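Asker: Each chain is listed here by its residues.
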Amino acid sequence: RKEVEQDPGPFNVPEGATVAFNCTYSNSASQSFFWYRQDCRKEPKLLMSVYSSGNEDGRFTAQLNRASQYISLLIRDSKLSDSATYLCVVNRHGQNFVFGPGTRLSVLP
Amino acid sequence: DGGITQSPKYLFRKEGQNVTLSCEQNLNHDAMYWYRQDPGQGLRLIYYSQIVNDFQKGDIAEGYSVSREKKESFPLTVTSAQKNPTAFYLCASEGLHGYTFGSGTRLTVV
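So the sequences go chain by chain: A and B.
With my numbering, the residue at position 53 of the first sequence is 53, and numbering never jumps.
With my numbering, the residue at position 78 of the second sequence is 78, and numbering never jumps.
These aren't lab readings, by the way, just hints derived from the structure by calculation.
Computed from a predicted structure; not experimentally measured.
Some clues are possibly wrong.
To be verified - Partner residues aside, some chain A positions facing chain B, computed with beta carbon under 8 Å: (1) Glu43; (2) Pro44; (3) Ser49; (4) Gly100.
Note that CB positions come from ideal geometry on N, CA and C, so glycine has one too.
Using the sequences and the hints given, assemble the complete structure.
Answerer: Listed below in structure tokens is the structure:
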């Protein structure tokens, strides 16, 4: 089993829709969690960190469920510019980051 | 502005040739990483370095080599032993708020 798993998609949604991605991780010692965004043929960029209490940044909400070992990302009011691949990332203290394979989102006009 | 710079952006390699990808950062980060990404795939760790003059193999180190003589620089050499080197190579450094990536080098074998 891979250490970080994501539904590869693609998720095709209309503009204005709400879409949610889930990510599961296998290592219970994981301590830090992030969502990165990667546009086609570009480098990944940090979208947001994920905190135990959940956190929100504008239209984006991230949540962590340590007991079930999953992380979620909710995007409200989808924009065309949200089309990208979303990477789930976890790491243990002192260890390197482990990237999920990514979930591809296409927001359609 | 602080950042991480990779060069070249595109690189073509002939069979049997070694090539070196450059990665430079001015973020004063200790840890640096090299990843490989194949089309439709996630990032796979090649090598990483937590501190100057020290580096460790990642999950797919075979056919690659690195050096870390300076904090700012972490070059990756793709040797002729790497049988399938065509991929997108990403360098990253680690700060307090996660990884910062360079813009990548797209390597193609011709």
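Asker: I'd like to know which numbered hints this structure contradicts. Please list them from smallest to largest.
Answerer: When the structure is compared with the hints, none of them turns out to be violated.
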